[in-house]
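J.: Two chains, each in its own frame: build the complex with the hints.
Next come the chains, spelled out residue by residue.
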Amino acid sequence: MHRPGVTFNGVWKKFRRGERHDSLRDLIPSAVRALVRGRSDELTAEEFWALHDVSFDVSPGEALGIIGPNGAGKSTVLKLLTRILKSTRGSCEVRGRVGALIEVAAGFHPDLTGRENVYLQGAIMGMKQAEIARKFEEIVEFAGIAEFIDTPVKRYSSGMNARLGFAIAAHLDPDVLLIDEVLSVGDARFQERCVERMHALRASGVLLVFVSHNLTAVLDLCNRAVLIDRGRVRFDGHPAAAIQEYRSVTSNRDAGRPAEADIHLAGVEVFDDRGRPVQAIDTGAGLTVRIHYKTPRPVERPHFAVDIHRGDIDAVIDHMLKDGESEVRLQAFVFDRQAVGKLVLMWWTAPAPGIEVP
Amino acid sequence: MMRTVSVLSARLVADVRDMVVEQREYRELLVRITARDLLLRYKQTVMGFGWAIFMPLVNTAVFSVIFTRVAPIETAVPYPLFAYCGLCTWNFFASTQRFAVVSLTSNTSLVTKVYCPREIFPFSAILVSLVDFAVASTVLVGLMAYYRIPVGWPVLFVPVIVAVHVAFTAGVALFLAMANLFYRDIKYLFEIVLAVWMFATSVVYPIERIGGRLGTLLLLNPMTPIIDAYRATLLERQLPAMGPFAAAAAVSVALLAIAWLLFHRAEFQFAENV
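If you read the protein sequences in the order shown, they are chains E and A. Under the working numbering, the first residue of the first sequence carries the number 1, and numbering increases by one thereafter. Under the working numbering, the first residue of the second sequence carries the number 1001, and numbering increases by one thereafter.
Simulated from the structure, these hints should not be mistaken for lab results. Take every hint as true, because none was put in to throw you off.
FRET-style restraints, in silico, Cβ to Cβ:
| no. | chain 1 | residue 1 | chain 2 | residue 2 | range |
| --- | --- | --- | --- | --- | --- |
| 1 | A | 1246 | E | 61 | 55 to 65 Å |
| 2 | A | 1188 | E | 151 | 34 to 44 Å |
| 3 | A | 1247 | E | 7 | 47 to 57 Å |
| 4 | E | 89 | A | 1238 | 51 to 61 Å |
| 5 | E | 110 | A | 1050 | 17 to 27 Å |
| 6 | A | 1272 | E | 274 | 54 to 64 Å |
| 7 | A | 1160 | E | 110 | 38 to 48 Å |
Just so we're clear, the structure is a prediction, and the values are computed from it rather than from any experiment. Think of the CB as a built atom: it goes at the ideal place given N, C-alpha and C, for glycine as much as any other residue.
The following block holds chain A by itself, in its conformation from the complex (with noise of 0.2 Å):
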């Protein structure tokens, strides 16, 4: 029992090394693979980054309309500054799941011709969709000086929240770019899921005004947390709830931590399997 888990935790050492020596070696491939797919991304369009803007606020406007006029919800802050905050969050981490989940798929010829380290693909649909969350950010910026929201020391806080962000969607990115290759289904079955989970996480309305036994359930999605967060720093000068935070940022930081593990070791099997 003992020598079995030291054999394992060794070998979980050395894969750990592996991984870590490996994204440092590749590290320009990966800022060149982002580059490439920005590049790709809005080559041949006429408003190029506007897009990151335009999909969160056509929906803004879309659910203001919905929330003020035909179910009008209370929100500690304007509405329409409530809603962007969400979408626009919400959004970053559904357009890198989006990008994420046919990233190996989709380079095939990378994938089975060519030795790189093969999380270069999720991670570089993250940067690409980090970039456009930073882009839609501005406007967020410009709603809230418009409705006068003044800026509070616990936007220091944002940061950390965007680091928890982060490693949540890298988690979900990884897993589902892995299932993807093995079972194509995912794209498809992912599509619906995503839709779901957007109007179970505080995205166009708060989560709490559910209730009930659903609502309780719903309190074990990580996202809400992470979206509240970005709203009581930016929005309402307050620290995050820091119960559900903390728990949504180990979940996060464990998920991650066992996604990457579990691609590492599945990865020489993609080139066969692809």
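Chain E with its partners taken away, still in its complex shape (with noise of 0.2 Å):
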């Protein structure tokens, strides 16, 4: 047995744009290609390059974290690793048994109960049945669904149907874990758990790799990150530079890079409406972020952005100061009444990434 791990090396994958060829006119001459020739790696009018020689390498123990924009290419990573696709050039190798947070409720049928979808959504994921069995209890435990075990699935509620696929998922042992967007599922308390989980079994040396796009949950999970733009390896490091690198890849698109300053951090606060000095903010209230900073020589335009996170979505308020502004007044309005947010304040070129506002 190999020592677990995740290979991607030098991988390509392309994809076609609008409908496959799909009359018979069109299958014959490309059947007799394929025949020919093989398959061909080189690209046809409408096809493009998802992923352009996209390469890294995952050890056991480590947590990577993958981010990028829409579009970026992640969730094909993600894919590829899962063996779901297959790559067009490159190899692509996951060492050990793989578990993957994604899809957890995707193998689910309506008709069937609960009791008979974890056994069925189980063997799926690739447990044994005796497995499965004896982590029955823990799992409908976690789910927090026990009354309903014997309900069909048709009657559960989108949440109750996600909570019993994520509780199936994070119950795998796997030696390499793969997560998708899950933290969004369940309420704060389940979604505390979830993340509470993934702390343990990365503590227990599970090797992670987490596709996001919610930055401050990569920050809080990972100890690297892979920022993807347009299908290519835009950074491989230290997660709090990734996002910064990822700041200025998205924040490039709509307006110049922003300028190289020294700057140093002295401090932020947060004020309610009237004007006193908070901790947490409630829902539709108004707040006022004041950033102290020092600078060796004076600075034209700072850039400052301040980010209200919720645990499931990247930036409810994704707010970039302008033009030497240092005070902004948002209102947090999103937060529905339990919801945990973190306010995560982002600066450039500064040594670290940013400090939470819990």
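T.: Dropping the structure here:
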């Protein structure tokens, strides 16, 4: 048995735009071509590279975050890792038992009961029946749906569905755990338990690959991050630095690249509507963020960005301060009552990525 | 040339090993998916497995009226027995194909989102139909008792016939499932083919009665020797006609091998093409 690990070696993956050729007239010539020359890896007019020479390695004990804007190729990477897709060029290898917290309820059948679905989904995820039977109580308890376990899944709420799926996946004993945006499942308490569970798995030496838009979660969970943009690896390194790079990639799209400046953060204060300093903000309440900074020389147009994160959404508020502004008034309008949000402050060129105000 | 051959055969060996290892690794999933499909098939029905018997029984009654009263034909055993034996064996083939043809397209969420050997879906269609076949066979046993057909030693040959029957059915099922994924016309086309195919097989009449050039052409149909073999061993206490049966067996095994290999090689394209 090899040491568990993930190797992505010069992976290219192409996709087709638009509809596939669907008539027999096109099939025969293309089948003949395929037979004669083998699968071509050159691009035809309607194809494009979704991944462009992507390489990275992950070793046991590492937690790799994969971040990038929409359409960058993150999900393609994940689908290659789970063997759902096959690379056009290059090799992609996952050694060890793979668990995937992706589409955790994909195998559920609406007409089957929760109990039947646990066994089915478990088998789909590669668990042995005896193993599922052993962990059954634990799974149901984790999902918190004990009283509905013999009800058909079609009568479940979407939250219950997702919680049950997550609970099954979380009870695999993988060497390699692949995670897509799953933190959006359930209420705040369930989310906390999910995050706890992932930390526990990481602590036990499981290799994690975490694809997410949720930069806070990446920062929280990963010790390394890869930034993918338009199918290419833009950055591979410390998550904080990757997030910073991500900021500059996305802001590059609308504005010019922020000027490099030697800015040291002296402090951040958060005030409520009436100007009182606060630690937590209620939904709908206005807030003021005051940023104190020092620079060795005057900076003409410092760039700061203030994000408010909820567990499941990238940035509820993503505000960039412009032209020397150092105070911004925001409304924390998207939180519902129980959601726990985090306020994250980012600034360019500083050594650390930001501070968090819980 | 030699090099190409050795590369190709190395690839073949690797593929076959893959196929076997995967099926071993995922055997519990196959059982689970089959259990799911069986459960779903008869959930919320009153008759349950009765449906597996009902269909061939009604057909037997209808064809018995046609071929004993309207256009009487000679058969070696009482006609209802002849027809039921043909219909319940044909039914296994036909109902497998009906399930298999949509087995990949109706499991879209699994095919596009989770990894597992895709053969599992058509294979589970076979296992589900095999269970129905077993249920329907009990009626055949009942009919044999009713008509006082004694059982002879050629019955020992039945497992071989079942194996060939399953191999042929599986080969066709793999092709159909794969083809329907890429071309949805298959689902409609195959219904027509299946209807014609039944009357081109010795299901409700002995195929020799067709005769002529068409009759010669119909000898190419591997389903006929298979169904005839069931009748010979079960109803007539004879070994099957060895020439046609051996040919059908060879075709079935070759078909299954080719279909499975093609399926395995096309598998990774499924997620992109559903």
